[in-house]
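Colleague: Sequence lines, in order, name chains A and B.
Residues in the first sequence are numbered from 12 upward in steps of one, following our numbering.
Residues in the second sequence are numbered from 3 upward in steps of one, following our numbering.
It should be emphasised that the hints constitute simulated quantities derived from the structure, not laboratory data.
Check the hints yourself; a few may be wrong.
Taking lysine-lysine pairs in the BS3-like style, the calculated list, with each CA pair at most 25 Å apart, reads [what the hints assert, rightly or not]:
hint : chain 1 : residue 1 : chain 2 : residue 2
1    : A       : K13       : B       : K889
2    : B       : K828      : B       : K875
3    : B       : K264      : B       : K165
4    : A       : K13       : B       : K165
5    : B       : K58       : B       : K664
6    : B       : K828      : B       : K889
Residues per chain, in single letters:
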Amino acid sequence: MKILQCPLNGPRNISEFVCLGEVKPVPGPDAGVAQWADFVFMERNAAGRVREWWLHIATNYVFLVDRDTRSDEILATYRIGDPRLQHPTGEGSAS
Amino acid sequence: MSNEPARLPARAGEFIDRERPLTFTFEGRAYGGFAGDTVAIALTANGVTILSRSFKYHRPRGILSLASCEANSLVEVNGAPNVFAEGHVLRDGDRVRAQNYAGSLAHDRHAWIGAFGRFLPVGFYYRAFFRPRGAWRFWEPYIRRIAGLGRVDVNAPHGYFDKAYLFADVAVIGGGPAGLSAALTAAQAGARIYIIDDQPVLGGSLNYLRPDTAGVRAGKERDALVTRLAATPQTTVMTGASCEGLFADGWLAIVRDRRLYKLRADRVILATGALEQPAVFRNNDLPGIMLGSAAQRLIKAYGVRPGNVAVVLTANDFGYGVALDLADAGVKVAAVLDLRSAVTESALRSAAFARNIRIEVGTKVSEALGRERIRAVRIARVQRETPTKDGYAAPFATVDCDLLCVSTGFAPNLALAAQGGARLVYDQRTAMHRPEDLPTGVIVAGAANQQFDLAAVIADGERAGRGISSAEPDESTSGVSHPFPICPHPKGKEFVDFDEDLTITDIEDTIASGFDDIQLLKRYSTAGMGPSQGRHSAVNTIRIAALARGEPESRIGTTTSRPPYSGETFGVLAGRSFDPVRRTPMHHRHVEAGAQMMVAGAWLRPAYYGALHEAESAIADEVAAVRARAGLIDVSTLGKIEIRGPDAAEFLNRLYFTAHLKQPVSRARYAVMTDATGAITDDGIICRLSDRHFFVTATTSGVDAVVRSMYLWNAHWQLDVDIAHVTSAYAAVNLAGPQSRAILALLCKDVDLSSEAFPYMGVRTGHVADVPARLLRVGFVGELGYEIHLPAGCGEFVWDRLLEVGRGFDIKPFGVEAQRLLRLEKGHIVIGQDTDGLTHPLEVGMRWNTGAKPFFIGGAALQAHAQRGIARKLVGFAIDAGSAIPKECHLVIEGSEIAGRVTSCAYSTAAGHVIGLAYVRPHQAEPGQIFSIRVDGGKLVQARVVTLPFYDPGNARQNA
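The shape of chain A in the complex, shown without the other chains (with noise of 0.2 Å):
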């Protein structure tokens, strides 16, 4: 049972949490349907090093993890606005 550090609760059984997929451009209030299947449907599914959106369950606190997917190694967690973003909400590419 993996333990994930979560940046509000610290390390707790990954069970807790959920996966809300990796971290993508938001479209913006303009964007028509094409971006917005996309932005729904389409994963870049990258072999590596993945920011996604993680959610702790018991108190709904939404963050950041860095992911590395064939290894399923949890690199990094982030909470919103942690400095080592480059942007606040994670949506630059993970390196």
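Since the structure of chain A is already known, use the hints to place chain B on it.
Modeller: Leaving out everything else, chain B in the frame of chain A:
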């Protein structure tokens, strides 16, 4: 075969308590034993050597390892099937039965199958039973009867099982010399330590191995380690506990009796030892053929003489220790056969020689003879150290014996390391596997780390206790495992896998058929797929595959190790089944009033008030009361969310399909939430309490997802808004009916309830029965009514007061079933019943003022839907009296095609006929049109499209 007792005199350190004898039955016959005996031990002590019949050929089988849970030893205990005879510690009165035979264990009627072995080659079932046509129908009943091993008793009572959580700095798996040393060393640094061992006492191999000629060193070392451990604080010992799984970040699953422990450890030390391996030769499965360590366990841990005349087959120094132990126990050792041609001298070998034990070097067993038990071995010279396909040599002698002990090698027990992701790499030099890429925090020590000299094992344990990963094993580990203890015989029956009855030919044929990758080899032949999961077959299978493919074993690879290690019952995994329910603050009142409670998600809600057989009339009475006078329903399960902040209105406006930015204060609006594909995900009421404060309701089962999506979207938008999920903080009721205003006025004095002051869809705050309350005039059931939200702790009090003052108006509590019918009469949709995962607002007739809002989630998708045109519409329908009443999900049929389906349907007293909602094709949706619904039995019923609502089309009653 004699049945005389075979007990040896008592000795220090034995696992049994001779002061506590017991009796048990096996196959209906009574036997005696001692507390501490396992089934296998006690039967052996009583001269019973056949434990079971093998899986495929029904050959007699007995003890092999006493360590590793093979199918040989599966028995039925007190009605529970597939219990390991070598693991089940006997209790007085246990009833043990053998498995997998017809007739009797001694004379199994299925044993004839063995004679037809030629017609049952590996994987035969993939090709047999297909022709002639009907062949399977002929064979199936017979095969189903003989398939499997144990029998399930479907009437077995449910046992009690539970789970517990444990935490440690260091978890040591294995309480032998390496594990104990590791624990003692780690304890010096102040660590909290758990030691897990599956045997009844600590000591591991020190309880049975003989590293010295005098035979005293192991016991002394064990006593010293155990004494030191007992004096060490912060160490917890769990014996009789099996580590079944190693998961990420030091999470271990440990099973003891009927409890599953989930142990979280910072560091894990695997001191799991090495499993002695069998040798492969003709008839190597006969009862009386066991591993050398099994014989030593019998003698030293349980005081049982394993036989009368023994032969030892060995390829290392351990076999000589076995020979000395056998001699000390009064067994005549007829010969020690050493597979090695050139043997360096050792103290144990010299001691055996000095006791006039016949030693033959460069000699192997070519064939074991016997029917229900071994009676002799035919021995032959080894042709070379690494035999080729022509390894068969004619035997030169026959040696009589009733016991054959095999000590030709070990396999480090690395299953847990492999579960954690380690790769097992075959070391060609030592002929054993070692782990690479161990997960962080996992260290291997002792024999599991290819250390076999006792001093080296203890030193290795100390290293592990200090947290140091090990280096390459040293020279002392060669010469422990023979690289190819496999002797093919022209007549076959040389068993590689005892669980699955696989012989050398089966493995070779599998490879010749093209299944030569280790993963295919395993699955096609089933090698390693039985109860012992390859613990005795994997290494020899790999060796045979390597020879057949002409490659080194390290290139063959291994199959994947998965939990559980030795097997778990479903009971231990289930534990105590918890079914949590959520109760509203008024729960007890419903039960007291005789409500039939129904489960709605995790909540308990009253379906209706009345006896089971009165359902229809009770519901009809509740409906009539609401329409004529007043009713009261508990809607505390409704989702409730407080949205506050400068951006509250903007936030809701972006999130919902409906418009809320300019919603006036003290007004409520029906709200619909859509997702980015435009599909409706939830609905509710949004009330504006002030410029910056909204009170949002959501569906009972959808609110958790609504709140989650609110947090997620605001993570993107970072609007200045606070989101609070307050569902359980408020109790809520809906007081509905023409008399509801009059009733409420008796308890609410600080809000002007008149129609002008408090119109439909208004929101007011005040007090009801002196309890602070929010009042919403909403119209779900289509009557004048008030949804009253109260602090949860006051819910029951206000419920009581409303019913009390309402008595004069003949108020009735009503339940979910009545409410569903009332809302249907108004044509209101229920999310998840009248909508599915794709339903969007245009399909259910919601007005959309395109362009009124610049942006909301789903807006772009709905533009596309509008342009493309809708494919279905939800309409109201009526069915005239006399027809069958359709049920939800009955299909709408047009011609020969499915045109839609019914989503809600019921008989309405107010309308005087059956009403419902259904999806139909757009061209069928005009009021007055007729469409067909196919009901049970295939009959078609005609339905007429009707404008919604069915009841009070002018909404005069709800707007009163």
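Colleague: If a hint holds in the structure, say so; if it doesn't, say that too.
Modeller: Now the hints, each set against the structure:
This hinted pair does not check out: A/K13 and B/K889 have alpha carbons roughly 47 Å apart, beyond 25 Å. For the given pair, B/K828 sits about 17 Å from B/K875 by alpha-carbon distance, which is consistent with the 25 Å threshold. For the hint linking B/K264 to B/K165, the alpha-carbon distance of about 8 Å falls within 25 Å, and the restraint holds. Restraint check: the Cα-Cα separation between A/K13 and B/K165 comes to about 19 Å, which is no more than 25 Å; the hinted pair holds.
Straight-line distance between C-alpha atoms of B/K58 and B/K664 comes to about 78 Å, which puts the hinted pair past the 25 Å bound. Restraint check: the Cα-Cα separation between B/K828 and B/K889 comes to about 19 Å, which is no more than 25 Å; the hinted pair holds.
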